[in-house]
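K.L.:
Sequence:
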Amino acid sequence: MTDSTLSTRYDPKQVEEKWYRNWEFAGLFRPEYRRSDRRYCITIPPPNVTGSLHMGHALCYSIQDVLGRWKRMQGFEVLVLPGTDHAGIATQKVVEAQLKAEGKTRFDLGRELFVDRVWKWKDESGGTILKQFKRLGFAYDWSRERFTMDPAYHDAVLKVFIDWYERGLIYRGKRIVNWDPGLKTSVSDIEVYDEVRRGKLYHFKYPLADGSGHVVIATTRPETMLADVAVAVNPKDARYKNLTGKMLRLPLTDREIPLILDEYPDPEFGSGAVKITPAHDPNDYEVGMRMGIDINTVPVCIDENAKVIAEGTPFHGLDRYEARKRIVAEMEAQGLVEKIEDYDIPLKISDRSGQVIEPLLSEQWFCRMKALAAPAIEAVRSGNVKFTPERYTDVYLSWMENIRDWCLSRQLWWGHRVPVYYTDDGTAVAAMNEREAEVKAGKPVTADPDVLDTWFSSALWPFATLGWPEETDTLRDYYPTNVLVTARDIIYLWVARMIMDGLDQMKEVPFRDVYVYATVLTDDGKRMSKSLGTGVDPLAYIDNFGADAMRFSLLVQTGHNQEIRFGDKRIEEARNFCNKIWNASRFVLMNLEGYEHGELTDLKLEDKWILSRLYGCSKAVNDALKNYNMMDACKALNEFFWSDFCDWYIEIVKSRLADNASRVTPQRVLYTCMDSFCRLMHPFMPHITEEIWHKLPGVDDGAFLDYVDWPEAPEEWHDSPAEAEMAIRQEIVRSARNLRQEFGLSPGLVLPTLHVVGFDGDTEMIRTQARFEKIEESTPHAVHVSSTVEGVDIHLPVEGLVDPAKELARLEKEMTKLQEELKPIRARLDNPSFVERAKPEIVERDQQAVGSLEAQIDKMNTRISQFRAM
RNA sequence: GGGCGGUUAGCUCAGUGGUAGAGCACUUCGUUCACACCGAAGGGGUCACUGGUUCAAGUCCAGUACCGCCCACCA
1 MTDSTLSTRY DPKQVEEKWY RNWEFAGLFR PEYRRSDRRY CITIPPPNVT
51 GSLHMGHALC YSIQDVLGRW KRMQGFEVLV LPGTDHAGIA TQKVVEAQLK
101 AEGKTRFDLG RELFVDRVWK WKDESGGTIL KQFKRLGFAY DWSRERFTMD
151 PAYHDAVLKV FIDWYERGLI YRGKRIVNWD PGLKTSVSDI EVYDEVRRGK
201 LYHFKYPLAD GSGHVVIATT RPETMLADVA VAVNPKDARY KNLTGKMLRL
251 PLTDREIPLI LDEYPDPEFG SGAVKITPAH DPNDYEVGMR MGIDINTVPV
301 CIDENAKVIA EGTPFHGLDR YEARKRIVAE MEAQGLVEKI EDYDIPLKIS
351 DRSGQVIEPL LSEQWFCRMK ALAAPAIEAV RSGNVKFTPE RYTDVYLSWM
401 ENIRDWCLSR QLWWGHRVPV YYTDDGTAVA AMNEREAEVK AGKPVTADPD
451 VLDTWFSSAL WPFATLGWPE ETDTLRDYYP TNVLVTARDI IYLWVARMIM
501 DGLDQMKEVP FRDVYVYATV LTDDGKRMSK SLGTGVDPLA YIDNFGADAM
551 RFSLLVQTGH NQEIRFGDKR IEEARNFCNK IWNASRFVLM NLEGYEHGEL
601 TDLKLEDKWI LSRLYGCSKA VNDALKNYNM MDACKALNEF FWSDFCDWYI
651 EIVKSRLADN ASRVTPQRVL YTCMDSFCRL MHPFMPHITE EIWHKLPGVD
701 DGAFLDYVDW PEAPEEWHDS PAEAEMAIRQ EIVRSARNLR QEFGLSPGLV
751 LPTLHVVGFD GDTEMIRTQA RFEKIEESTP HAVHVSSTVE GVDIHLPVEG
801 LVDPAKELAR LEKEMTKLQE ELKPIRARLD NPSFVERAKP EIVERDQQAV
851 GSLEAQIDKM NTRISQFRAM
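Residue 870, in my numbering, is where the first sequence stops; the numbers in between run on with no holes.
Each hint should be verified, as a subset may be incorrect.
To be verified - DSS-like mimics (lysine-lysine), calculated; alpha carbons at most 27 Å apart, straight line: (1) 348 with 241; (2) 307 with 184; (3) 339 with 100; (4) 246 with 339; (5) 530 with 569; (6) 806 with 608.
Said to hold, decoys possible - Each pair of labels, with its calculated beta carbon distance range: (7) 642 with 102: 19 to 29 Å; (8) 596 with 809: 51 to 61 Å; (9) 382 with 524: 38 to 48 Å; (10) 544 with 268: 24 to 34 Å; (11) 728 with 813: 20 to 30 Å; (12) 266 with 476: 49 to 59 Å.
Honestly, the hints are just simulated from the structure, not real lab data.
Heads up, the beta-carbon is just placed ideally off N, CA and C, and yes, glycines get one too.
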């Protein structure tokens, strides 16, 4: 091993490529690599097949990789199953955009050709995100990769739909839906977001039919007035007492509409009178239902293209916004506009297209959720599914307890087609395919044109990926899975539905734990988003800093918090840590010449100490991972390696390593630490640890860290008394270094004598680390400066170096500090109820503290008077 | 309007009742052959505010302010 020729900088590029290739080639990621009865399974959240890697992915999937690798090292048979989601709207949009560039629409191609084209796109360009995952080193079983539109998966989707349909859980109904006029489909409530835009509030006069005056109504959407069926006022609103029941003439039409009473209008708002348009507003729909109007004959004035339907009027066929202008102009011309105000209009925007949602009355498929939700609520209440952090339990429960029916159908072409078929007389049957439907119906059928909401199929992910509805070995072995790692914004959209579907179809929860990780924000706390220009590309960071640094920089910030910030500084820190690991391992390897395995015997204090620290580190990492707290694990690893191992242990044993006679034990301890650290660190930084570990003498080329045991420390390493013994020596060293620095004595210089009084242990480590030729247990006669730590006095002769006035100032500052420290403790002890009621060990601790502080103050007084005398 | 978080060093954050912590940044010193992507030492905090519980509160309770997110509503 001639590592002195190796760069002092860790170069991740070639290391990462090499090991990923080796791992894949060896088949490490497949559970078949090593069978066990103890199984662990994660079916990763399938990213959109159109997606590309962003920081949120990098974090989410790194966490799952850590968990998978950790469990493997603990002897589990691990399956981490990857895959992609067909993402109905997103994918359809990609291909529609391509067509647009060719000057075509999907309607030019027709349904069949269009769907073919999407498949072609998917096969050629889809799923690049999974290739990007490999750059991060994820140990997922690629041989079991699934897609939510795989044929078997498709069957699973239809089976669930048909089951629910036959159980009466799925029904067809005419409802107000969020219509996306750009994509020409309905979208669910959770696929739209709210945005306030500057607009106008129009106050219109609706004349009374008897000519006795008018009622003023306010609207932000004048074009919908063509489908008004009433004007409503609150029964408590005294202004309209005399008008109730009267008819109004609906302007621009030849219709008359009633003035009705309903709780919905808020008397405080505007005139207190609201126009009611059941076909184009969800609240108005509710009012309409209460009025008892027939939903099948309710007037409609806007179509699926967001164009106005009003045959025989000049507005017919106009775009909604154009129609708005013309209608306002016409109302003005007729003197029916009372006023027009500037107004901030709350709008619903389609998450997928950015179009303003048009609430439309339409026929859709719905699923009754109450019955499905009940067991899913119980599963979480009873702790059968546990959320981490716990606070998300309430988020989940409050949504589930107020669950509404789910609009399942989408007017798209890309997706799982609703498996319902109609006969010519309108009878509907649900079936796996057209032939089966014809058999069921006994006559020819036509298929429903709609497809299912993408989340309908995602909800089956934890069992459909494992082979359901076939009773495969995989399904039996791995369901229920162990954990779902996800972002908080899809707790409703996805997590809740998986729990419902799993319980309903499998009679068992889909996973025991749900870990909700933090949102990744930019360095200055902004949301990362391509459209805002605040997105950052993980691949660029991987190129510059390495995958291990990328992973670590995110994981070290990820505990039970709800957001983390990522920026250059963060990944530089992680990169520096990688480099530190690299260089420390170079040092260790250089010092393992002639290394032979053997018992750890003749352990000196520092050896026992570092082994105890190593045990503490492995325990901390394990505990942290059990709690899904990556941050604690990363910090424990960082502290152990950098502070304990590098800054202290390596420095202390350098002298022992220089001598052939004394090097055997420190060599073995170095080896043990390096070997164990590689294991403990491996789930977080898989590449660099594998590289270093394989350089350790005696490591089998064909072995891999994923399948070596998690380090188990022998009992005698646990919380060794060496920890306390080292701690005091470290304090003494620190204090001596402090004195040296105060008096301008170069840290590199070896000084003749350090006087240490009141310490009766071995001082060798103090001598070498504080850089002295010898330690004497006496107070020097010559001029010296002193310090006291943990009851131990240290004196540094400084003949000729010290300016008495300056030293006096320093001592007096120290004195003030000591007295400040003493004050509150003494005050506590003077309080009888403290002495009486506090735990005895606390009182005792305070008493000891007072004793030691007083002793220090005495010494300080002596020193001060000595310097006064000079 | 309802809910969930947050407010601790210049910055980013740990800290589940007992002497306020880490990393970065900063100051000073240092290239002694693992590492300057490094080492050593140091300075720096009324723990948002107000009350309460307690011998003891950053920590528990109540309220206030500000920030973030989620849900609902908004003619």
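K.L.:
Now tell me if each hint is right for this structure.
P.N.:
Against the structure, the hints:
no.: 1; hint: 348 with 241; in the structure: 35 Å, violated
no.: 2; hint: 307 with 184; in the structure: 12 Å, holds
no.: 3; hint: 339 with 100; in the structure: 42 Å, violated
no.: 4; hint: 246 with 339; in the structure: 24 Å, holds
no.: 5; hint: 530 with 569; in the structure: 21 Å, holds
no.: 6; hint: 806 with 608; in the structure: 42 Å, violated
no.: 7; hint: 642 with 102: 19 to 29 Å; in the structure: 57 Å, violated
no.: 8; hint: 596 with 809: 51 to 61 Å; in the structure: 57 Å, holds
no.: 9; hint: 382 with 524: 38 to 48 Å; in the structure: 43 Å, holds
no.: 10; hint: 544 with 268: 24 to 34 Å; in the structure: 58 Å, violated
no.: 11; hint: 728 with 813: 20 to 30 Å; in the structure: 24 Å, holds
no.: 12; hint: 266 with 476: 49 to 59 Å; in the structure: 58 Å, holds
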